[in-house]
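Visitor: Protein chains in written order, with the numbering used here: chain U, 14 to 462; chain Z, 14 to 462.
Hints listed in this document are in silico derivations from the structure and should not be mistaken for laboratory results. Do not rely on the hints blindly, as some may be mistaken.
Copies of the same chain look alike in the list, so a pair counts if it fits in one copy or across any two.
Claimed, not checked - Straight-line C-alpha distance at most 30 Å; calculated DSSO-like pairs for lysine-lysine:
| id | residue 1 | residue 2 |
| --- | --- | --- |
| 1 | 153 | 193 |
| 2 | 64 | 343 |
| 3 | 326 | 279 |
| 4 | 43 | 193 |
| 5 | 353 | 277 |
| 6 | 326 | 40 |
| 7 | 353 | 391 |
| 8 | 43 | 25 |
| 9 | 361 | 279 |
| 10 | 193 | 326 |
| 11 | 116 | 326 |
There are 2 protein chains.
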Amino acid sequence: MEETKELDAFYKDLFDLIRIPSISSDKTRKDDMHRCARLWKDILLNAGADKAEVMPTEGNPVVFAEKRIDGAQRTVLVYGHYDVMPADPVELWQTDPFEPTIKDGRLWARGADDDKGQSFIQLKAFQQLVASGELKHNVKFILEGEEEIGSPSLEAFCRNHRDLLQCDMILVSDTSMLDKDLPSITTGLRGLAYWQIEVTGPCRDLHSGHFGGAVANPINELCKLLAGMTDNGRITIPGFYDDVVELSPREREMIAQIPFDLEKYKANIGINEVHGEPGYSTIERNSCRPSFDICGIWGGYTGEGAKTVLPSKAYAKVSCRLVPDQDYEKISRLFCDYVKSITPDYVKIEVTPLHGGEGYLFPITHPAYPAAEAAFKKAFGKEPLAVRRGGSIPIISTFEKVLGVKTILMGFGLESNAIHSPNENMQLEMFDKGIEAVKEFHRQYDMIG
Amino acid sequence: MEETKELDAFYKDLFDLIRIPSISSDKTRKDDMHRCARLWKDILLNAGADKAEVMPTEGNPVVFAEKRIDGAQRTVLVYGHYDVMPADPVELWQTDPFEPTIKDGRLWARGADDDKGQSFIQLKAFQQLVASGELKHNVKFILEGEEEIGSPSLEAFCRNHRDLLQCDMILVSDTSMLDKDLPSITTGLRGLAYWQIEVTGPCRDLHSGHFGGAVANPINELCKLLAGMTDNGRITIPGFYDDVVELSPREREMIAQIPFDLEKYKANIGINEVHGEPGYSTIERNSCRPSFDICGIWGGYTGEGAKTVLPSKAYAKVSCRLVPDQDYEKISRLFCDYVKSITPDYVKIEVTPLHGGEGYLFPITHPAYPAAEAAFKKAFGKEPLAVRRGGSIPIISTFEKVLGVKTILMGFGLESNAIHSPNENMQLEMFDKGIEAVKEFHRQYDMIG
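Hey, can you work out the whole structure from these sequences and the hints?
Guide: Structure (structure tokens):
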């Protein structure tokens, strides 16, 4: 009872954030986005920021906050996002996704990790350093509300507010470690391109008996189109691999040294066998090689039982993860051109690019890297590994392009956190260690010559 | 006003039937199925049947009615179905699908044609012949409630009630004519096989960044599986064409003589080009050759915007129209075997046969054929053409197998009636002419030697 009360008090800000379903891909959630931004502003002021404000963008607002330290020479900008993924399929959740639940030493909720939970780690570290008077450099916070839909408004915001965002280093907690006992620093991210495809056959749904065999079926055609885009783990869109830089033997050697238990990996996600591009290991495939995933598909009759219909429309959502040298706009053009080039005259196909962004690489020779290394070592008792990861945070490469600043990715997620899935969660222990690590990073950062 | 009242009175029974949403594929509609059966029983008694009853089956009940004529030697059994297709996508209807609406000389509603409207034609013809004392043979009615889901209970019902159903000829109005001014008698139907496919990848939805490229995506795999089942209009499942009888040069010649305007056909359904098996005409493709249609597909994220997910599951509903010599159970086995043979070890694939039935051929040398010919000629002023059609009424071949009786298909639908689609409708003129034709058939049938 006493412990629950203490936990509730400690996590109060995070619980309040989680209770707002700030789903950026859902246009009916505009009010929730604004509510969540205003809440962050209040939280940051309470935590010790000198000023905080909710600033408009073309899309969802950005929260900016700042703490200036007299005489400080350097500034660290903390980036995070207050938007979350949709919670569907909601029926697979064991708790209400928007009601934080502590159970089995974990916090369960949409955003428990990505990225309300991890931003909360940054917040708490900041708050404690301010309270203890240990902070020796300026700290700025920027929290956006469109990360999960590709940060469409943030680049323009950065260009318009270069002075406000001026900093020496960007710090982000929105990635994961290899395992609870395998601290790691993310030194690479994949880029992303995402499209929606609409195939139109006849102008109305037809009786499959009267027309079947004589009129092209848009679902048949969509399947053919999508199936033809990969071949045995390779993407077949012409030019797709042109800018993919091969891993060097040295890099492959380092990747091979990352502890990885294939049987545990398969068991954890319930598969009999992994599958991917020939000639690459699982870690290489999911972090250093491009991928092609159909994220959603729909069309025709999807209700109970059998309906014999030759439908008018079929749709798919398709995404490619890209490696750092691939330009997502070029890839998007190649994709659209390819679809156009093979569209038969008996259906119409429309491709809409939905979002995208570049990959990112952080050199371990950067002067801030040892500070991060020392921080992880202090919190987790072990030297962290430098690893490239398969996810995408497109804004990181934009920061570099627009602000000219590198970002260090101190992420405390774990694979079992099920981000983007039902039953997202985060171990309470990771909050504590994460806060410890971030505090230590700030301390170490002041010691860099 | 006066005219509306008259129409309402004439169509009252049909309107009452339409207002009951007797959707057989929807398991929550059990009460409506029973209500609709009871209503048919009352309507048949009112129309002149000596007796009528609602009889139980393993599934939805069957309505049976009978009118005996003293001294009659022969019996005609009228078959129809009181179940309808689902109305979705409901948003595309311009009127309430379950509220009959007369507009522009047509009746608009789900079931206006298939098969409440056409069964109503049989009912009215029967009623008028009883009233005028012209009926010289016994008439029986059997109306089932599971035609749109493949009549799963009717074969057993027929086997259990062979005596009750004893007859010399079966008469069915559940097909269409070539055009309003092109009366035709359906002398062939395609068979049908229908499956649901479920592909399972990981046991939960995964983040496509963390896993994409290393773990098989069930939607990618489903698309590959389905795309691989056809090649340029041919079905590639091994053995699929083994029992397909080629059209004879004589048959192809007859088909070529059917008036057919390809440009009008394409314009009517809004396509630029037809597409199908090479070497066959559109009419051959949609009536005498097998087809492969994905009737529905779904999986992953289908909401607004972009969600980057590698989903756990993907589903499809697939149907094949078959030609009369193909055994649907054999085809279903070939389908399941094929899927099993190519299932990779990195996903699980489950195939569930949902329903099916054999095709049907009616020889124009049958003694009842001239009676039907004369009936169409009287009502439409033109000799009807004998044509094979692409739809399926699996129970017709079952009647032949179990009761040993041929069925004559006197259908009054038109392509523009949009059966199985939004805005199903039937021209009022076709009701009048249909009733005229069916009455004439009964008269002519008595004159057969």
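Visitor: Which hints, by number, does the structure contradict?
Guide: The structure breaks hints 2, 4, 7; every other hint is satisfied.
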